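This is what each chain is made of:
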Amino acid sequence: MSARWTLSLGGLVVAVAALAHAAGGGMSLPRTIEAGSAFSIQTPGSGNARLYIIGTGQVLKRDVQLGHALFFAAGSLFNAGHYLVVLAGDSSTETESFDVVPGNRPSNLSFLAKPSRLPVGLHDGITGAVYVFDAYHNLISAPTPVSFELSSPSGTVQKRATVARDGAAWVQMDSTAVQGVDKFVARVGDISSARIVGQVPGDPCGLKMTAQPSGQQVLLVTDAVRDCNGNAVPDGTIVTFTETYDGTQSTIDEPLKRGVAQVTISARNGALFSVASGVAMGNQIHWEK
Amino acid sequence: MSRSFLILYTVLTAASATATAQPVLRIEAANLQSSRPMQDQTGKAAIRDYLQSWQTLGAALEQNRAGLLDSDFVGSAKNTFTATIQQQAALGISTRYQDRSHDLQFVFYSPDGLSIELTDNVEYDVQLLDQGRIKTTQHVSGRYLVVLTPAEVRWKVRVFQGTPR
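Taken in sequence, the protein lines are chains A and B. Take the first sequence: its position 118, counted from the start at 1, is 118 in our numbering, and no numbers get skipped. Take the second sequence: its position 24, counted from the start at 1, is 24 in our numbering, and no numbers get skipped.
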């Protein structure tokens, strides 16, 4: 039969869960122990023996006087996992087992946000994955509420709430319409972890140029180049001007400078000028003097 | 359960000196939390590397050689096992772990593809030796939570944690 109680010992609270062996002459020990908690193991019989606690996470070995309880102070066993308890006497060996379980108070988050930089206005473009750990870096497997928050410099905030299962949770967020540096935060209780996500302008949108005579040539100048959300496309972005005349084509690539691109081309009557940047096509101008 | 299927899995990697039989592998249908579908090849590679990690861990704990862990473990799993090996060496003990069967299920695949979590209901034997003398041999049924992350050419175990079954 299992029992559950709390034993106070000189100010030290020893949380003892259900006993694996409460009667029958064998070892008496908890079935589960919270990571880092104090616990005790009552040994049967008389004489001397050696007690081993073995697991992949930790091993302990103690000499014991049989018939007495062996106390393990808080912090003795802190790695979650399955442990064998082996009591080896002169003539016999007894074996029991228990589990060390993670604490239920989250203390550490492992938060990975991707990507660190992306264009504005992407649906589900930002992903976050989080693993929830206790103070001893054991993965907390019990369902744990997790919230995610993505805030942009413009003040817009996206929030998502989910539950970590088996210690893991994830989220997808949209990049916002405004370029800048967003703060991406994962939060569990009073523990949080933040990442920075840079949002850059998207592809040019509504690309438009004008043409005006410049001596014997024509000056082609774009309007300020912006993406579909109105963010200025960064300087250095290549704009391609194309002239089609008498069945031949010539192109000039110009980087944006101060938000616009401009180029001077020979003014030939009947020439067709067009402008493009990346996948965005702009307007066309048929040049007639 | 009904969705599960049994695979007699041939461990492609070399067995440790203590290995006496290849473990039986059962793979449950994935119950993934993720927006990202897991490619068959990715799943197979993760399972292959995870099973290999048991061989490596067994050898490292038996020989008390933490250096063996480098090929299959990183992060907290590697740190934990390294500490365990140091404790064993200081106490004059060693342990032999021999996995007998694995019942695996993928439970999480991060949207960026940079971590996989699986559960493993595993049957294994563990033997305790003190100063080279066998103290006990026990058969254990355990459940493990495992997180794998990609390294240069393989998946490595980052979290390896027993949980109550």
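Hints in this document: simulated from the structure, not taken from any laboratory. Keep in mind that the hints are not guaranteed to be accurate.
To be verified - Mimicking BS3-like on lysine-lysine, the simulated pairs with C-alpha atoms at most 25 Å apart in a straight line are:
no. : chain 1 : residue 1 : chain 2 : residue 2
1   : A       : LYS61     : A       : LYS114
2   : A       : LYS208    : A       : LYS289
3   : A       : LYS61     : B       : LYS78
4   : B       : LYS78     : B       : LYS44
5   : B       : LYS44     : A       : LYS61
6   : A       : LYS159    : A       : LYS183
As the list claims (entries may be wrong) - Here are some, though not all, of the chain A residues that point toward chain B, as calculated from beta-carbon distances under 7 Å:
no. : residue
7   : SER76
8   : ALA80
9   : ALA194
10  : TYR245
Since we're looking at a predicted model, the values are computed, not measured. Positions of the beta carbon are idealized from the N, C-alpha and C atoms, including for glycine.
Now for the hints, and whether the structure bears them out:
Distance check on the hinted pair: A/LYS61 and A/LYS114 sit about 45 Å apart at the alpha-carbon level, beyond 25 Å; violated. Restraint check: the Cα-Cα separation between A/LYS208 and A/LYS289 comes to about 21 Å, which is no more than 25 Å; the hinted pair holds. Taking the CA atoms of A/LYS61 and B/LYS78, the gap is near 22 Å; set against the 25 Å cutoff, the hint holds. A threshold of 25 Å between alpha carbons decides the hint, and for B/LYS78 with B/LYS44 the separation of about 22 Å falls inside it, so the pair holds.
For the hint linking B/LYS44 to A/LYS61, the alpha-carbon distance of about 39 Å lies beyond 25 Å, and the restraint is violated. Straight-line distance between C-alpha atoms of A/LYS159 and A/LYS183 comes to about 12 Å, which keeps the hinted pair within the 25 Å bound. The interface hint given for A/SER76 is violated, since its Cβ lies 12 Å from the closest Cβ of chain B, which is over the 7 Å cut-off. Interface restraint check: A/ALA80 against chain B, minimum CB-CB distance 5 Å, threshold 7 Å, status holds.
A hinted interface residue such as A/ALA194 counts as satisfied when its beta carbon comes closer than 7 Å to some beta carbon of chain B; here the least separation is about 17 Å, so the hint is violated. Evaluation of the A/TYR245 hint against chain B yields a violated restraint, the C-beta minimum of about 50 Å exceeding 7 Å.
In summary, the structure is inconsistent with hints 1, 5, 7, 9, 10 from the numbered list given earlier, while agreeing with the others.
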